[in-house]
Amino acid sequence: MTHAMNTPRRLLLAVALCAALPTVALAQAWPSAKPITLIVPFTAGGSVDVNARLVAQRLGERLKQSVVVENVAGAGGAIGVAKAVNAAPDGYTLVAGPDSAIAIGKLVNPSAFRFDPLKDLAPIGLLNTAPMVLVARPGLEAQTFSDFVKLAKAKPGKYNYATSGVGTVLQLAMELLKERSGIFVTHVPYRGGAQIATDVIGDQVDLAMLVSTSAIPHVNGKRLKALGITGSKRLAALPNVPTFDEMPGLKGFDMVSWTGIFAPAKTPPAVVAQINRELNAVLQEEGVRSKLVEQGALPGSGTAESFEKFVQAEYARNQKIVQTANIKE
Numbered sequence: 001m002t003h004a005m006n007t008p009r010r011l012l013l014a015v016a017l018c019a020a021l022p023t024v025a026l027a028q029a030w031p032s033a034k035p036i037t038l039i040v041p042f043t044a045g046g047s048v049d050v051n052a053r054l055v056a057q058r059l060g061e062r063l064k065q066s067v068v069v070e071n072v073a074g075a076g077g078a079i080g081v082a083k084a085v086n087a088a089p090d091g092y093t094l095v096a097g098p099d100s101a102i103a104i105g106k107l108v109n110p111s112a113f114r115f116d117p118l119k120d121l122a123p124i125g126l127l128n129t130a131p132m133v134l135v136a137r138p139g140l141e142a143q144t145f146s147d148f149v150k151l152a153k154a155k156p157g158k159y160n161y162a163t164s165g166v167g168t169v170l171q172l173a174m175e176l177l178k179e180r181s182g183i184f185v186t187h188v189p190y191r192g193g194a195q196i197a198t199d200v201i202g203d204q205v206d207l208a209m210l211v212s213t214s215a216i217p218h219v220n221g222k223r224l225k226a227l228g229i230t231g232s233k234r235l236a237a238l239p240n241v242p243t244f245d246e247m248p249g250l251k252g253f254d255m256v257s258w259t260g261i262f263a264p265a266k267t268p269p270a271v272v273a274q275i276n277r278e279l280n281a282v283l284q285e286e287g288v289r290s291k292l293v294e295q296g297a298l299p300g301s302g303t304a305e306s307f308e309k310f311v312q313a314e315y316a317r318n319q320k321i322v323q324t325a326n327i328k329e
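Residue numbers (my numbering): 1 to 329.
To be clear, the hints were calculated from the coordinates, so they are not data collected in a lab.
Fair warning: there could be bad hints in the mix.
[As the list claims (entries may be wrong)] As a list, the in silico DSSO-like pairs of lysine-lysine whose alpha-carbon atoms are at most 30 Å apart:
1) Lys328 with Lys153
2) Lys150 with Lys119
3) Lys291 with Lys64
4) Lys153 with Lys251
Just need the whole structure built from these sequences, with the hints factored in.
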């Protein structure tokens with residue numbers, strides 16, 4: 001009787017073991033001679049592309065495996081990330097996913113971002129972070145952010161700020177800053193960032209939220225005034241510019257641009273863990289770290305599990321900002 005009752009359980013166990021065998025075998029065989037493709041969801045030459053190529057080269061050398069960067073641009077990163085989502089979960093397709101495509105796109109443009117970034121991707125590791133800098137035009141009667149808050153509260157709606165587009169992390173950072181500061185400033189979206197600094201320098205726009213690499217040369221050249229930095233630490237290149245976290249009423253303000261490495265969902269955990277270990281090792285190399293810093297970025301670190309929690313937290317915070325500010329692309 002006992003034997004008869006245990007037979008179905010044994011059959012279920014056998015079926016489960018058989019189902020797991022392909023995944024186990026894949027993890028044990030990875031990597032093979034098959035090249036690994038690292039998708040960059042933008043055109044070549046941008047910061048995501050440059051940093052991804054830097055890491056891809058060293059990652060390939062450590063794995064003794066070819067890592068090929070493939071640029072798949074379009075729809076603000078949606079096309080490239082979707083290609084990774086739909087790839088086989090075998091560890092041979094990865095994507096360098098920026099915050100805009102992973103933690104914002106679905107919230108502001110769901111028709112373009114049809115995948116679920118929290119369910120359809122396996123987070124591997126944080127590649128880099130980069131703080132943003134709020135800059136002001138030369139003629140603005142404010143030397144600090146506190147000065148500007150007083151101006152903005154005295155004349156709500158008079159002032160404006162520029163970013164490189166609707167639904168960017170730059171806009172979300174400024175909208176959160178507006179909410180925390182209790183000010184109303186009008187958003188002026190540009191199609192890309194090339195013209196923004198020129199227009200702020202020319203006193204045509206009051207403020208701009210810029211990535212650090214774009215802001216640093218203009219601030220150090222005295223062409224723009226820096227009012228604050230969005231990260232939790234001051235920038236070495238701008239040691240006299242405070243973080244918003246240091247300012248009264250803004251404690252805990254820490255919002256950065258970031259890029260991470262992802263694989264398709266259901267990629268074997270052992271493969272994810274191995275790539276994570278090698279990625280962290282690459283990001284600890286002085287040559288890689290120094291080049292990232294030159295790009296205005298800070299190297300990432302941590303386990304795949306900690307990165308997954310980070311992505312979830314970023315998505316949840318951004319969702320609140322988008323809803324509160326009614327941001328739609």
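Here is what the structure says about each hint:
1. For the suggested pair Lys328 and Lys153, the alpha carbons sit about 26 Å apart, so the restraint of at most 30 Å is met.
2. In summary, the hint linking Lys150 to Lys119 is not supported, as the alpha carbons are separated by about 44 Å, beyond the 30 Å threshold.
3. For the hint pairing Lys291 with Lys64, the CA-to-CA distance comes to about 22 Å; that is within 30 Å, so the pair holds.
4. The suggested pairing of Lys153 with Lys251 holds, with an alpha-carbon distance near 20 Å, which does not exceed 30 Å.
Going through the hint list in order, the structure does not satisfy hint 2, though it satisfies all others.
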